Every structure is written in C-alpha cells, then in structure tokens.
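Trainee: Chains as they are written, first to last, in the numbering used here: chain A, 1 to 458; chain B, 1 to 397.
Fair warning: there could be bad hints in the mix.
[Unchecked claim] A few chain A residues facing chain B, derived, Cβ under 10 angstroms:
no., residue
1, Ser239
2, Leu302
3, Arg428
[What the hints assert, rightly or not] List of simulated lysine-lysine pairs, DSS-like, C-alpha gap at most 27 angstroms:
no., chain 1, residue 1, chain 2, residue 2
4, A, Lys305, A, Lys101
5, B, Lys159, A, Lys305
6, A, Lys272, A, Lys384
7, A, Lys305, A, Lys272
8, B, Lys138, A, Lys305
9, A, Lys305, A, Lys384
Calculated from the structure, these hints are not laboratory results. None of the values given here were measured: they were computed from a predicted structure. Each residue gets a CB set at the ideal place from its N, CA and C atoms; glycine is no exception.
The chain contents come next:
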Amino acid sequence: MSGTKESKPRRKTSSSAARRRSTAGKGRGKPRVRREKPTAPAPEPLDEFAGASVTGRSLRRNGGVVRTVAAPRPLHIVMVGWEWPPHHSGGLGVHSFEISKELTRLGHRITFLTPFTGPFTPVEGVTFRFPGEPTTTPALQYPPAYWTGGTPDSPFVDATDGYNSWVSQVGGLGKVDVVHVHDWFGTFGARELAQRLGVPLVMTVHSTEYDRSLGHPWDHILAREQAGIDAATRVIAVSRHLRQQLIDRYHADPDKVRVIYNAVRPSQRLEKIDPTKRVVLYVGRLAAMKGVDTFLRAAARLVPKFPDVLFVVAGEGPEYSRLIHLAAALEIGDHVMFLGKVSDEERELLLQGSSVFVLPSVVEPFGIAALEAMAAGVPTIVSKTSGVAEISSGAFQVDFWDADEFASRIAELLEYPTLRAAMGEQGRWEALREGWPERARETVGVYLEAMAARGRSP
Amino acid sequence: MKIVLYLHMHQPWRLARFRFLDLGSGRSYFDTERNLGIFRGIADRCYRPALDRIQRALDSHPEFRLSLSITGTFVEQARAAAPDVLDRIRALTRTGRVALVAETYYHSLAFLLPPPELAEEVAMHRALLRSEFGADPKVLRMTELAYSDDLARFAEAEKFHGMLAEGWEGALRGNPPTYRYCATPAPTVMLLLRHYPLSDDVGFRFSSKEWSEYPLTAEKYARWLGATPGEVVGLFMDFETFGEHHSAQTGILDFLSALPDAVRREPHLDWATVEEAIVGPPHDALSVPYTMSWADQNRDLGAWLGNDLQRSAFEAAKKVGVVARQSRDPAILTDWRKLLTSDHFYYMYVSGHGADQGVHDYFSSYDSPYDAYANYMNALSDLRRRALERLGVPILK
C-alpha cells in the first residue's frame, strides 16, 4: 500500500528526466558529462575549470546553453541574494533555495547574503549572513515593504543601497571561490565584494527591468542591472530569449552569457515513487462510480508478469479505505500506491512520469482527467461508458466491468513501445486540437439557437 | 480496343480479439465463425448474384471475356461457408472464356520477405488453382497490384508470361496506359495496366450521388470506353464492387448485366482475357525501379507499411518468420502465413483526414488502428512463443 516505499525517499524518474531536459539536455548533440560527487578538497586556481568552458563558436551555435560539468573539488560560493523561504514574494526566493540545496548536495558550501533577518528555512551547507554583523547596517524585518513601483527616494531603494554597502564590506567569509549575485538588488555590493576578494563574479538574471516595467524602465534599476552584467565574468540567463535580450539591450558580450533554465521539483510525496518502476496511473475521486476496483483487479492480473510496474491511485474519496483493503486482499499492496489528493503540479509530474493512464469509470459524464492525460501524451485507456470515449479514437475503450480487458490493454501498452508512442501522439493531438475557445463558440451557438427557438433574433 | 475486365476475389482470415492475457492459452487467433459469417453475407449480397449475372452474360454473349484472381484464403472460407460459390466459379472457367490469375496464396506482402517465401506462396496458389479449378495461369499479379522491376524478374523466373500493374502516370513517363508493355528488366513479361480513371468510375464512383456523371449507365460507360484511344484498356477492380461495395440497390448488378450489350453496340470494342491481351508486340518497355501499388493517392505501399505501427508489426512478423520456419511445424507456419495477409497491416493505417481515410475505415475490422496493432502483436507474440517452445528454446517471460 501507500506506506511501503516510505523508508526510501528517492527522486522520481520523470521529474529528474524533466530537469535534465530543461537544463543539460538542451545542449543537443553534446556529450553529457556525468555529474560526480566532488573528490577530496584540493585548492587549485580557477583555471582548473578551463576544460569546462564552451568555446564562443559553439556557444553561439547552441544559444549559450551549457553542458553539465563535475567540479573537481568543493567550492565556497558567496551568494548575494534577496529573499529566502519561508518568506518569498516571487520566484527568486524559491530559485535561490532550490539551487542552493542542490549545490550543497553536490558538496559545495554556500554563504547566503540577504538583507533580511530571517527566519530562514535551514539547508545543510548554507550559512546565512545578514546586516547587523559584522557591520552595523540595520537589517530589514520580514515581511519587508519591498515593492518595485516606486520613486528613486523610496524606502525600498534606500534599503537596497544599505544592503549593497553592507555586502561590499562583509568580512569573515574565509576562502571564497566565486561570488554569485541574483538580479539587480545587490549588484553594486557584489561587484565590490568580488573585486575585494579577487574572485570572479557570476550574475543570474531572472528578468529585466524592461520586462517588469512593460517597456518603461526605471533608470535607477537599469543602472544596477547594467553594472552587474558588465562586471560579471559570466552571466546566467534563465532562457535563450532572455539571453538575447541581455545581448541586445545591455550589450552583454555573447561569449559570457549562458542559459540555465529554471526547474520544478516534485513534491515530497512523489519522491516516494521508486524511479526504476514504470507507472500505471489513475487520477480521480475514489467513489464507487469511478470503478477503481476494476483498476485494482486489472493490476492484480498484471503484477506477476510485470513486477517492475507500480499502480498509482491519486485522489481521495469515500472509497479510500475500502480500496486499500481491496489491494491488500488482492495481495498487490506492494505494487499499488495510494497518494491521496494531489495538487495540480503533482498531477502534472505524475503524468509526465506515467506509461499508461486508466479511467475505468462505471459512470462518467465526461472524464476530463483522461483528456488531461492525453494532452500530456500519456496513452490512455477509458471505459466505453465515459463521455471522453466519444471524442478519443486514440484511446483504448474497454467495458467498465472487464478487468481482464483493462489488464490486457495495460499490458499491451507496457509491452509495445511503438504502440505507446503512436497512441501518445494521437491522444495528444486529439486532446489539444480543440480547446475552450471552440467550446465557447459552440456554447454561443446554443445561445443563438435558444434565442431563435424563442422567436428572438440575435 | 480490347477490354480486359479483371476482378479480384479475396477475404482475409480476420483475427479474433486475442488479449495479452491470452498469450500461452492455446486459443485460436482467428475468429472462424465471424469470418464465415461475413463470407456468407457477402456471398448472398455479391458472390452468388454477380457470378450468376456473369454466367448469363457469358451464355448470351460469346465475345464476353473475364479474368479473375481468387486468393487461397478466399477459397478456404468459401469451402467452409459457401461451397456453391466455388461451383459457380468452376462453371465460369468451363466456358474457356474466363482466365484465372496467379498471386500469393495468402494475399501477402511476401515479396518484401526474404526468399523463398514469395516463390513458395505463389507455388501454393498455382497448385490451388490447378486442383480447385483445373487452371494453369500464365499471368501473375501481386497483392494490391504491387509491381516493380524486381517482381518482373521474379515473374520471368517463375515462367509467367505477363503481370498486372497500375497505370500510374508516375511510372508511365508520358506513355498512355492503354497499350501492352514489356518489362525492361524481363522483356518476356508483358504488362497490362489498370486504367484507373475508368476502373474507379465503377469501383469507387458508381454510387456517389455527388459525382457529376451520376448515374452511370452501361451505355454511357461503353461510349467512354469506345472513345478511349489505344489497344487495350484494363478495368481492374475488386469483385466485391458488384453487390458489396455498391449494394444491389445502387443498380450495380444491372450495370454489370447490361455492359456486354452496350459494348457490343460500340463498333471498336472487343473483350479479352488477360491471357489473350498479353499476346502481341509490346508498345514499349517499362521500368519501375520502386514498388508501385493500386492503393490510395500515392500508389505506394504506404497503406500497409506507411506508419510506425505497420512497419513495427511487419518487422516483427519477419522475425517470427525465422523461428516459424525453423519449427517445421505446419500449424505454426500456416498461422504465420495467415498473419502475413496484407489486410492485417491495412487495419493499422492511421491517416489524419483526406480521401483515403474513408476507404480505410470502410475496410477495417477494428475500432482503431491501435486495436489492430495490439491484437496483431499479441497473436504474433504467442506464435513466436509456440515456435520457440517447439524448438526447445527456453522462454524468458
């Protein structure tokens, strides 16, 4: 049952694959270097990374997307940040948190500079420094009044100026390898800090003042962005589009601007899913009319033949405990996982990682979950009684009571990769060819019919 | 101008739903009852009435000629479901004015398989035509009228005097389709070409009320034939055109009955069997370096091997063929060959939209190409398992 994998928190294949796709995988045709745990520390000059650099020529060709490289030793990174969870108003805090967490997992050490006093969600290997020590600049209190639509003399700008001057003077950092600043908030300070420490400056640009201000940039912020871009040895842009903007609008040297995409992380619950298993998924309410019994009976037929398959039931409802007991009675508890209610984000991740989606409903007026699975390119099996069956020739259709047929269809999709690919593609096309705009137009058609029927001209 | 009316008679052994969970169950892949039921229905609507009309035309018109191809799977089903259909065909052949055409016994894509599969299937079919109808055909046709230089060489090696092919502009390079040709790589093999506009007027358009020429009468059609320049016009189509693809209510059977009279009234028209029409000097030599067929808008093998599902299934069948042959088990080999019948691959055709999709849907015995593929692969997997068992190879799964 759901508890069987709890002792082994592991990342889910799909999401790590998605992450690979969104970062290193973009370097098409380039050999991907395996990420390895850094070996024993051996202080070396930064030139040791020369082999990892991408030449200007190839960089232009692939739009500045970098390949993944293993560092030969742990680094000490001073991150000139802004916000940090649990408090965050936008994506920057989440980004800082996630990237820092992964960097420390790789063995690197981070000193995170922030204008705020906390509290900070702790991450092993990350030390927080904020104004108050060693200098006397006062720190900001959470939640701060930081907003971007102000005037140059607003408290917000005063605060960033104070933060910058503190950053430029911060001491007691020990040996530092690189200073990494995010967006414009701390660029002045970061520039001086890197210079003082004699280490390179890296800047990540998450968005530009041009975009945030819808074309009416504020000079004060522009200057800070420009200063960071000019001073940085390498600039990271979160998309190719942004990279081009930095080159065009900020005259950034194309050879120093790299693209690293943002990522999402699976929720803790999904991490319980063994990444070596193939997933057959049901998402929906656990009500009698949903036919989840049939799903479990089909699973029971397949478990002996497909020990590498995990049957995932995502959703909650009145049948929850009865279904768990049924799985136990069918002796497939180890092969079925009950996830309970899942968020939209979790459902997307589940779909990305699933081989087959099953909607075994006894009664199903429409069955939008199946349409969502098809849109995600997951080959789908629906009961003939579902409304969605009417519009999906790319899905297998089975009598809701026929567990053997559900089992066979699932097995066929697991067994024949060509079928999986073809049905995934067809389903995607069918699900996406028409959307809410078409449905709205059809609805207007009904309004007009209704009006005509009542003798009113539109 | 000689009219060569050639009709093709075929029924496949359609598969039963063979579930993945049926693997190893010993269950048959073929739904005999369903296939015979379909055959009986078509016999009532098409084979009996159309054969009777042809018999009467032969009786009343000594100049009338017809050519037929009859697949092995058709004969097997006819024996079980409607043996009188075979009696009727025998009666036609006894007139001496009906020629039979050779092909692969299983209506298969054997020409894409390594030898000796093609030669064996053609030999099986020749033997069947001899035993069943006392015929010794001189003309060969390939499944779905497939034709290429390689197939002409094969026909020559197998001592055939002629082959049938599609009169497709792409292959004719400016030559009219209404002449007898010889094959460039095998000059002793004469080619008769299908006049596809005139053939499709009957085969596809006859009952279409949107067609500007609707309704088509035998007189009008004979006039078109009379006005067509050339020496020989190939009207090649499915036998099922008469009563099945177009139902009797459309008047298609009356059209068939009226045609010999209408043709007789046209001064320059005459009838010929395929064997008569191949006699004489060729107009030119034709080379077709690729495989051409009579299907769909592209006239290629796309209808059977155009998508990933079809290619994957055919490649799998090819591989299973190796162990099926090695097993030397006649039941296994026969099942394998029944699975080679081109119809199975046709059912896996996926097309977005367009003129061909309707034709494919009409002929399919499945709800979707995915059903067709999954079912076929299950049967093939089971067959492979049987062959391996027979060979004493341990099965991993």
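Trainee: Which hints from the list above does the structure break, by number from lowest to highest?
Mentor: 1, 3, 4, 5, 6 and 8
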